[in-house]
Amino acid sequence: MAEKKLLKKESLGQLFEKLKSDGRRILAPRKKENQIAFEEVSSPEEIAKEYIQTTTSAKFTVFPPCEELLRYRFEDKEVQIEDRKLDPPPTVIFGLRPCDAAGFSVLDAVFSWDYQDAFFQSRLEKTSVIGMSCNEADEYCFCTSVGGGPGNTKGSDILLTRLGSGDYLAEIITDKGEEIVSLAPDLFGPAPSDQKDEFLAEVPVRFEHKELTTKLGAFFDNDLWVEQSLRCVGCGACAFVCPVCVCFDIQDEADKNGGTRLRCWDSCGFSLFTLHTSGHNPREVQSQRWRQRVMHKFSYLPDRFEIVGCVGCGRCARSCPADMNLVEHLKEIVETK
Amino acid sequence: MTGPNIYKPYLMKIGKITDEAPGVKTFRLLFQDEEKGKNFSFKAGQFGEYSVFGEGESTFCIASSPTHTGYIECTFRQAGRVTTALANKEEGDTIGFRGPYGNTFPLEDWEGKNLIYIAGGIALPPLRCVIWNSLDLRDKFKDITIIYGARAVADLVYKHELEEWEQRDDVKLITTVDPGGETLEWKGEIGFVPAVLEKEAPPCENTIAMICGPPIMIRLTLPVLDKLGFAPENIFTTLENRMKCGIGKCGRCNVGKYYVCKDGPVFTLAQLKELPPEY
Amino acid sequence: MDALRKKARELLESGDSEVIIGYGEGSGNRARAIFVQKPEETERLILDDRCEQNLAVYLLKREVKSLGKPAIVARLPVLRTILQLAAENQLSDGDVAVIGISPDGELVDLPDFKAIEEYVDSLPLELSPEEQEQLEKIKNMSIEDRWRFWTDEFSRCLKCYACRASCPFCYCSTCVVERNIPQWIPVAPHGQGNLEWHVVRAMHLAGRCVNCGDCARACPVDIPLNLLTQKLDEEVFSNFGLKAGTTSELNYALSTFKPDDQENFIR
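Protein chains in written order, with my numbering: chain A, 1 to 337; chain B, 1 to 279; chain C, 1 to 267.
Calculated directly from the structure, the hints in this document are not laboratory data.
Where hints are given, some of them may not hold.
Unchecked claim - Taking lysine to aspartate or glutamate and the EDC-like style, the derived pairs with C-alpha atoms no more than 20 Å apart in a straight line are:
#1 B:Lys-8 with A:Asp-83
#2 B:Lys-8 with A:Glu-75
#3 B:Lys-89 with A:Asp-76
#4 C:Lys-38 with A:Asp-223
#5 B:Lys-8 with A:Glu-82
#6 B:Lys-89 with A:Glu-75
#7 C:Lys-65 with A:Asp-223
#8 B:Lys-8 with A:Glu-253
#9 A:Lys-77 with B:Asp-93
#10 C:Lys-65 with A:Glu-284
#11 A:Lys-32 with C:Asp-145
#12 B:Lys-262 with A:Asp-108
#13 B:Lys-13 with A:Glu-82
#14 A:Lys-32 with C:Glu-249
#15 A:Lys-331 with C:Glu-25
#16 B:Lys-43 with A:Asp-114
#17 B:Lys-89 with A:Glu-78
#18 A:Lys-256 with B:Glu-90
#19 A:Lys-85 with A:Glu-33
#20 A:Lys-31 with C:Asp-222
#21 B:Lys-273 with A:Asp-221
#22 A:Lys-77 with B:Glu-90
#23 A:Lys-77 with B:Glu-34
#24 A:Lys-256 with B:Glu-34
#25 C:Lys-65 with A:Glu-227
#26 B:Lys-257 with A:Glu-306
#27 B:Lys-13 with A:Glu-78
#28 A:Lys-31 with C:Asp-152
#29 B:Lys-273 with A:Asp-303
#30 B:Lys-89 with A:Asp-255
#31 B:Lys-16 with A:Asp-76
#32 B:Lys-257 with A:Glu-284
#33 C:Lys-61 with A:Glu-227
#34 B:Lys-262 with A:Asp-114
#35 C:Lys-137 with A:Glu-33
#36 C:Lys-61 with A:Asp-323
#37 C:Lys-61 with A:Glu-284
The task is simple: from the sequences and hints, build the whole structure.
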């Protein structure tokens, strides 16, 4: 049961100071022209005001777009491998929405499946989340359709909810959250009597995700995929702004002296994703790739890991150049006879 | 780092290079770290990611038997960036190996059964591993039959081993080449693998069939096995798909909800029938 | 809008076209591309200021081609795209029925490429004052500031290739970044990889860009990519006097040799 406290809005500045003197870097949403993205901040004033969601996710904190897996040197016929010494800085992600916070467990499901990905885990270990409930949502949000909610605590170490007074209800959820409180215990006052639910956004449920998963079980050969994907142009924008898309590529970059092996973000929407060297491509047309995206998130992941591969943040729909709008398609699938 | 780097390969020295067929080579690889080599074990059917540092990684099965320790072998055809770089390597060069990954042929379940191996062309390597494994444990199995064909005599791989298997009296080997692929000296069969299989007509009772070959050969051979009475649970094959990580994380090799790198590459026909046609 | 729907209906009913590529209502008050195949569905077609996407990108997509003979709702950038694609041998006269749309939103009858050429010729192709201002701001920067500006912008690039996917002129079946023997352009979204990709993209579009703005609109991290191709178009025009999308005859400065070429290194 999460402990409830009050964090006054004036105290944020001091909290940040305490976090910084504890050696933690703070990432928070910052506005830059039309973009709101997570960047390092030193004071609460730098944080974007009045936003519903950031443009890109905070996934990069635990899974960067480009990461070195190992380095090697050539010496005649020999190769020397230099292992990565991973020492990620202790980080606090401030202002992460509950949908994004829940996303970390989807990333974890993949990176900790049998083989433990130390790159991901060492970053996750050093990351704490001070989440921010949503007072407002827009028509692209659909967290409540995938088991989430505007005030859900899953994935947050501390969840703040902005109350009418402008102060925050702070729910201390995990040990990491308690650790943060212990840095500045006098900033966290006794719990307010305000009801959290009053300050949460309304996010209507658009579809039942369990129903969707069941429906998808028999949907592979349906013609609807072709119709739905006609306007998709086959870019990777949806996968790259998504907080839980985790598919990656491995590339070597080297010269005659040595080089590195990199891991970088990839998207199942690209035609190259499943192309064999022989030229055979099991997913030759966009409708097959669109199907893979939906099936992977809403059928295969739930079947194997009992976790929905989507947190309902709506970024894909906001960023899609062709306005594919995932929710519309999902509803269509659920409603198809 | 909280744990070992799962993407870091073993360093391997190329011990021996054999030219099997035009464009096809076998490498015998020795672990540079002998300790690691001694402790390394795997089971028939598993694969690895073989690196050319600076070019990338490529996925091949481990073509040697687990009963042979101290080294592993892989056979590949030069096709793209990494395999071309591999084909240009010399004995003594260093490459990388990550593995063993994937599931295995369940040899332990087949004690007392007949085994029949059916392979075509460059697809003998995945079966070669389990062929040797079964021959090294010969007493555990009853009849062992190998039917292997290629387009032409030059395309047959493991020519020396084919001779060895021919000499053995505890295994029945039938080699064939496509009509027109024979040489004057050719003493084996002439005909496509499915036809040869039908002619040979092995009994299906108490028999496990393993089949590996180009898609067209598999497509034409499966009906023959069906006609001969083989149950789908007793027919095994290996699947190939584009891979990068080999350990179920990069999301690339899935066929439906199954990952070829984790739930495969060995599948029974019964399992394949349930998979969507995405490979 | 009514005239558009009427025209679309006529095309479908007469069998002249099997699919109308136009704009329909999208999410969040956006317009989106729609593919109308039944006459009764022509009611879904809309036409207003939100209809900005360059629909011509769908003309070369195999999934759309398989729907049959297309008609396309074509504002100026789309008209120019069609001409340029024709000049590059990607479209032939009669392949697509063009429903021309004037800058005021009126229907223009354009039965063939010649008509499109004449119509395009009658319209101003210069950048708008706002666009000029944006370009001037960068042109007035010093080389060092310009370099810093662009490397800063590219640092956000994730290599999602939305710019490539939404551009009708990026139709190569295998893009140069997809070649891996050798890997000419690094795949990874690091500084060098991003810079190389964007330089190659801009160069491959130099003098071909019709200023539809889709690349910048598509970019999820808001990099003003259209400024690069606009600038290169300016260079091509000032050096060779040629503008993209004005004729259906091959007229591309960077792939045509003329004996009176001002450069003499080729002689």
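- Task: Against the earlier hints, flag every one the structure doesn't satisfy and list their numbers going up.
- Result: The structure breaks hints 14, 19, 24; every other hint is satisfied.
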